[in-house]
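K.L.:
The primary structure of each chain is shown beneath.
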Amino acid sequence: MSENVYILGIDMLKFGKYPDRTFAQLGGEAALLALDDAGLSVHDVQAMYCGSVFGAYDMTGQAIMREIGQTGIPVTNISNACATGASAFREAWIAVKSGLYDVVLAVGVEKMPRGMLGAGHETGISLEGLFGSASMPAVFAESGMEHAGKYGTTFEQFAKVSVKNHHHSTMNPKAVYQKETPLEEVMGSEMIAYPNTKLMCSVNVDGSAAAVVVSEKKARELGLTRAIRVLASALASDPWNPRNPIMPDVNGCTQLAAKSAYEQAGIDPRDVSLVELHDCFATAELLHYENLQLCGLGEAGRLIDEGVTALGGRVPVNVSGGLLSKGHPLGATGIANMYEVALHLRGEAGARQVQGARIGLTHVVGLGTASAVHLFEKA
Amino acid sequence: MTQTDTLGPRPALPWIRLDGPEPFVEGRLCRACGARTAATHLACPACGARDSIETYRAPTTGKLHAYSIVRRSYPGVPVPFISAIVDLDDGLTLKGNLINVAAEPEALPVGMPVRMVFGDALGRTDKDGASYVAFFFEPSA
Ligand SMILES: [Zn+2]
Chain D
0 MSENVYILGI DMLKFGKYPD RTFAQLGGEA ALLALDDAGL SVHDVQAMYC
50 GSVFGAYDMT GQAIMREIGQ TGIPVTNISN ACATGASAFR EAWIAVKSGL
100 YDVVLAVGVE KMPRGMLGAG HETGISLEGL FGSASMPAVF AESGMEHAGK
150 YGTTFEQFAK VSVKNHHHST MNPKAVYQKE TPLEEVMGSE MIAYPNTKLM
200 CSVNVDGSAA AVVVSEKKAR ELGLTRAIRV LASALASDPW NPRNPIMPDV
250 NGCTQLAAKS AYEQAGIDPR DVSLVELHDC FATAELLHYE NLQLCGLGEA
300 GRLIDEGVTA LGGRVPVNVS GGLLSKGHPL GATGIANMYE VALHLRGEAG
350 ARQVQGARIG LTHVVGLGTA SAVHLFEKA
Chain Z
0 MTQTDTLGPR PALPWIRLDG PEPFVEGRLC RACGARTAAT HLACPACGAR
50 DSIETYRAPT TGKLHAYSIV RRSYPGVPVP FISAIVDLDD GLTLKGNLIN
100 VAAEPEALPV GMPVRMVFGD ALGRTDKDGA SYVAFFFEPS A
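Just so you know, the protein sequences line up as chains D and Z, in that order. The numbering of the first sequence is numbering that gives the first Met the number 0, which starts it at 0 and goes up by one. The numbering of the second sequence is numbering that gives the first Met the number 0, which starts it at 0 and goes up by one.
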């Protein structure tokens, strides 16, 4: 067993539309960038985990190896909804932690279908708009309205999440959008599913990200200068909740994963310097402030009002621009979140650097349900 | 007469029952832990007990728990409509369209009492031409 596990190299492609490139090309490019960042070659990699939702049936991991070098190592393909990339990373972490391998590659890659995502169940007729909506904007709107019903959270407070994250993305050259969106513009853009307007929905884009995960022994051999220590890796499925899955529950699953992560790391939520969380819709971000224990129950609205989660605040959230503005290629998102945290812990985040960043948290949650929470610190 | 006509309308969800004098929702209750679900499972999803599930006729009154006013949906789906999560009086949760009320947040206070009504599935028919029965919610106060 490896005492500690480290990220030695990590990178991502700028999120956007890549109609002319395959899953394997996109994933392969990120893999090569991550290997370069680690100062390693494909010949050092002993196992590989590939996360992809829409490429999951096509042996995408093996196709990536054909792009970067077929060394015959074990390759496993992983699909876990929006937690796919983080789940691939977690498998790499387990493989190194167990002592089986010293160098493992995790890749997340996605090419997204166009249009609105949602789970349609058919009995012979379409049920959308007959028994409410299964579209993702509506499902996450309902979760937000549950919070509003309990705590009085407002449309304006939800909208402020988009203002903040779009502002952050103006400092991130790898975000698909780098454009300010004032509050009036967010609230006044096309209403998709109240209270989520178009500017409060994450962006369907293609993308990839990759991480080289190494053992304590390997990290010490290669030098810890830029290594990122994995303090915790937690993955949860949804616990019983009487409304779920009629009303999908993004809270219980995230709460379980967060609790496990803080326990593994032996830290207090107040020790976290920055967070990249799953803002698939603006309504979701506020719920996760509470689920990740960044504040008490019912306090999320106050947090966004007071700028606590903006760059310069006590615990900046989604300084990358988040899924709302950086983009959300499902399989790549989890590792891209880790890339952002790694930049800050290494002090390499440029204009959006969180000053004095010591501990970073990443979170994803995919309906069905899977939630992953990871904690990192600079070695 | 086609076979479809003789069969009559079909339930739009598996837990809608049309074999009584009135349509109703059939719920499932775990005798071991009290959990209620609409869908069937191999064991109780709340406690894991086997052979503990009994069916019952769900009540038709409840309260609005959460909602979204849907203004853009999949192509061809008429909007707006109100997608509502309703907790029935016995604790069973269902999702449905909330009708006969303005599609405005001001008209939709959480906790609003609602009743379940059954009706034709908005004219939707399957490849055999069969019609379907759905439930909807409307304010009851
Ligand atoms: Zn039970």
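FYI, nobody ran anything at the bench for these hints, they're computed from the structure. Please note: incorrect hints may appear among the correct ones.
Using 25 angstroms as the maximum straight-line C-alpha spacing, the simulated SDA-like pairs for lysine to any residue come out as follows [claimed, not checked]: (1) D/K96 x D/H42; (2) D/K16 x Z/K62; (3) D/K258 x D/R228; (4) D/K216 x D/L31; (5) D/K16 x Z/P74; (6) D/K197 x Z/K62; (7) Z/K62 x D/L31; (8) Z/K62 x Z/A42.
Residues from chain Z that face chain D, not an exhaustive set, calculated with beta carbons under 10 angstroms [what the hints assert, rightly or not]: (9) A37; (10) A38; (11) R49; (12) Y73; (13) V78; (14) L91; (15) L121; (16) Y131; (17) A140.
Just so you know, even glycine gets a beta-carbon here, dropped at the ideal spot from N, CA and C.
K.L.:
Now tell me, hint by hint, if it's right for this structure.
P.N.:
To see whether the hints hold, each was checked on the structure:
Distance restraint check for D/K96 and D/H42: the Cα-Cα separation of roughly 20 angstroms lies within the 25 angstroms cut-off, and the hinted pair is therefore satisfied. Taking the CA atoms of D/K16 and Z/K62, the gap is about 44 angstroms. The hint is violated against a cut of 25 angstroms. With a C-alpha separation of about 19 angstroms, the suggested pair D/K258 and D/R228 falls inside the 25 angstroms cut-off, and the hint holds. Restraint check: the Cα-Cα separation between D/K216 and D/L31 comes to about 23 angstroms, which is no more than 25 angstroms; the hinted pair holds.
Pair hint D/K16 plus Z/P74 holds up; C-alpha atoms about 22 angstroms apart against a cutoff of 25 angstroms. For the given pair, D/K197 sits about 29 angstroms from Z/K62 by alpha-carbon distance, which is inconsistent with the 25 angstroms threshold. Distance check on the hinted pair: Z/K62 and D/L31 sit about 55 angstroms apart at the alpha-carbon level, beyond 25 angstroms; violated. At roughly 28 angstroms between alpha-carbon atoms, Z/K62 and Z/A42 are farther apart than 25 angstroms, so this suggested pair is violated.
Annotation: interface hint on Z/A37 holds; nearest CB of chain D at approximately 7 angstroms, less than 10 angstroms. With its C-beta approaching chain D no nearer than about 8 angstroms, Z/A38 sits inside the 10 angstroms limit, and its interface hint holds. Interface restraint check for Z/R49: the shortest CB-CB distance to chain D comes to about 16 angstroms, outside 10 angstroms, so the restraint is violated. Evaluation of the Z/Y73 hint against chain D yields a held restraint, the C-beta minimum of about 5 angstroms falling below 10 angstroms.
Restraint check, Z/V78 versus chain D: the minimum CB separation of about 7 angstroms is within 10 angstroms; hint holds. At its closest, the beta carbon of Z/L91 sits 8 angstroms from a beta carbon of chain D; the interface hint therefore holds under the 10 angstroms criterion. Taking 10 angstroms as the C-beta cut-off, the interface hint given for Z/L121 holds, the closest approach to chain D being about 6 angstroms. Taken as an interface hint, Z/Y131 checks out: its beta carbon lies about 5 angstroms from the nearest beta carbon of chain D, inside 10 angstroms.
A hinted interface residue such as Z/A140 counts as satisfied when its beta carbon comes closer than 10 angstroms to some beta carbon of chain D; here the least separation is about 17 angstroms, so the hint is violated.
Hint compliance for this structure: hints 2, 6, 7, 8, 11 and 17 are not met, and every other hint is.
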